[in-house]
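Colleague: In case you want the letters, here they are:
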Amino acid sequence: MAEQKKIEKQLSLPLKNAVQMSVRNMKVRFGRAIIITTSILLGIAFLTSVRAGNAFNMSLILNGPEEISSLLAVDIAEVNARQGWLVSLSLLVCIVGIINAMLMSVTERSKEIGTMKCLGALDKFIVELFLLESLAHGLIGSIAGAIIGVLTMTVVYLIQYGGLIFQIFPTVVIVKDVLFSILLGTFLAVVGALYPAYISAKMEPAEAIRREV
Amino acid sequence: MAKEAIVRTIGVKKSFMLGKVPLHVLKGIDIEILKGEYISIMGPSGSGKTTLFNMIGGLDKPSEGKVYIDEVDIAQLDAYELAWLRCRKIGYIFQTFNLIPVMSALENVMLPMIFGGLSTDDARNKSRMLLESVGLGERVNHKPLELSGGQQQRVAIARALANDPAIILADEPTGNLDLKTGKEIINLLREMNKEKCVSIITATHDLKMLDVSDRVIWLRDGIIERVEDRENITIKVGEVEGE
Ligand SMILES: Nc1ncnc2c1ncn2[C@@H]1O[C@H](COP(=O)(O)OP(=O)(O)OP(=O)(O)O)[C@@H](O)[C@H]1O
Ligand SMILES: [Mg+2]
Chain A
2 MAEQKKIEKQ LSLPLKNAVQ MSVRNMKVRF GRAIIITTSI LLGIAFLTSV
52 RAGNAFNMSL ILNGPEEISS LLAVDIAEVN ARQGWLVSLS LLVCIVGIIN
102 AMLMSVTERS KEIGTMKCLG ALDKFIVELF LLESLAHGLI GSIAGAIIGV
152 LTMTVVYLIQ YGGLIFQIFP TVVIVKDVLF SILLGTFLAV VGALYPAYIS
202 AKMEPAEAIR REV
Chain B
7 MAKEAIVRTI GVKKSFMLGK VPLHVLKGID IEILKGEYIS IMGPSGSGKT
57 TLFNMIGGLD KPSEGKVYID EVDIAQLDAY ELAWLRCRKI GYIFQTFNLI
107 PVMSALENVM LPMIFGGLST DDARNKSRML LESVGLGERV NHKPLELSGG
157 QQQRVAIARA LANDPAIILA DEPTGNLDLK TGKEIINLLR EMNKEKCVSI
207 ITATHDLKML DVSDRVIWLR DGIIERVEDR ENITIKVGEV EGE
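Residue numbers (my numbering), protein chains in the order written: chain A, 2 to 214; chain B, 7 to 249.
The set of hints was computed from the structure by calculation and includes no laboratory data. No incorrect hints appear here.
Computed footprint of chain B on chain A, listed as stretches where at least three residues anywhere in the stretch have a Cβ under 8 Å from a Cβ of chain B:
no., region
1, 12 to 20
2, 120 to 133
As a list, the in silico DSS-like pairs of lysine-lysine whose alpha-carbon atoms are at most 27 Å apart:
no., chain 1, residue 1, chain 2, residue 2
3, B, 67, A, 125
4, B, 186, B, 149
5, A, 125, B, 132
As the structure is a computational prediction, the values presented were derived from the model and not from experiment. Backbone N, C-alpha and C fix where the C-beta goes; we use that ideal spot for every residue, glycine too.
Given these sequences and hints, build the entire structure.
Modeller: Below you can see the structure in the form of structure tokens.
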């Protein structure tokens with residue numbers, strides 16, 4: 002054998018191109034993008050509304066008139082525990098939904114992934130593309146969800162307690178809750194996409210291309 | 007003139023496990039392909055052409071044996087080097103074209119250059135030039151689905167040439183095309199082969215391919231039945247058609 006020639010290494014996928022490709026993919030597969038984003042939106046809207054409700058309650062107990070606060074203070078602990086369960090469950094459903102949707106989108110694009118690997122894509126380029134997409138789903142879904150959650154609760158409390166809630170509006174707590182929800186929603190979307198992205202990146206190109214859908 | 011081997015396989019075997027039963031698809035393939043050669047691999051359906059391609063192209067691993075590309079044993083390469091090899095050394099053409107559907111012709115051709123580290127501007131210019139050279143100068147902004155099969159395959163050829171590979175692997179490039187378009191694609195491949203001195207390896211049932219091939223490798227049931235040089239090919243054509 003002749004001497005093993007040294008292969009100089011240089012492969013890249015600039016972020017700009019990756020973002021462009023992800024955006025393009027989401028536009029073309031708009032239906033799927035909407036479903037994933039909506040599932041995140043619903044989960045996060047639920048989480049945020051529960052937390053905003055708690056914030057209103059706490060603020061009413063601390064700053065509201067005597068008759069309301071004493072009424073609320075009685076069963077607050079029990080209510081919190083029950084709501085904790087509901088929120089966890091809804092988020093779980095949300096993650097399973099994301100993983101499922103991403104798995105389908107990976108299977109659907111198996112040939113495309115195989116082709117890209119033939120053109121020199123590294124595994125991490127593929128993962129990057131999927132993660133970028135789910136990052137966008139996560140951000141959009143959870144921002145919208147958080148806003149919807151807070152608005153819904155504000156309306157509910159407005160109907161129940163009238164203008165009083167604006168006097169005791171727990172701004173700081175609610176802003177914190179919203180930020181928390183957005184972070185959590187985005188994190189979950191990215192984590193939910195990791196597994197399918199990893200699977201797709203690991204396939205041998207021959208197998209990925211063979212797998213007709 | 008000593009010609010260098012660009013591809014060499016030594017005792018390549020491949021088997022797939024179907025449940026518990028191994029299916030031996032390739033049963034020991036030794037071939038040597040020289041720089042600038044145009045090789046056709048012929049054989050009935052199921053004889054293992056695509057499987058052999060995947061071994062040569064580093065798209066799958068042989069169960070046994072070695073594949074050398076440009077004297078490098080590709081089993082020794084890590085994932086990064088293998089991706090680099092696919093990017094820079096080998097161009098792939100498929101029966102089903104395999105263009106990225108959401109990208110225009112231009113962007114499809116640009117993609118391997120972007121992976122290869124070319125700037126977007128340089129990639130765009132080179133991509134235009136390549137599309138022009140395959141006769142698609144007017145259609146650069148069309149999506150694959152807006153192009154005919156023959157045009158899509160031209161885009162695929164331009165994409166395969168993007169990083170000036172040493173080898174083009176074409177698995178039944180004319181399989182989905184009509185006679186005339188198939189002929190055009192074959193001529194285009196031959197032209198590129200002459201012009202750029204790139205080795206072309208095609209798998210095919212297409213007898214039109216025989217005219218342009220330097221050598222034909224006949225594959226049957228995972229072994230090489232015979233290898234023919236160009237001079238002997240024409241004589242055999244009648245015999246083949248009788249098969
Ligand atoms: N991933 C796989 N798993 C199991 N069997 C496989 C796999 N890939 C190929 N085979 C089998 O290997 C044999 C050869 O397949 P291959 O695709 O290489 O044939 P081919 O010569 O390319 O045929 P065609 O001309 O129809 O494309 C077939 O019997 C096929 O079923
Ligand atoms: Mg085949």
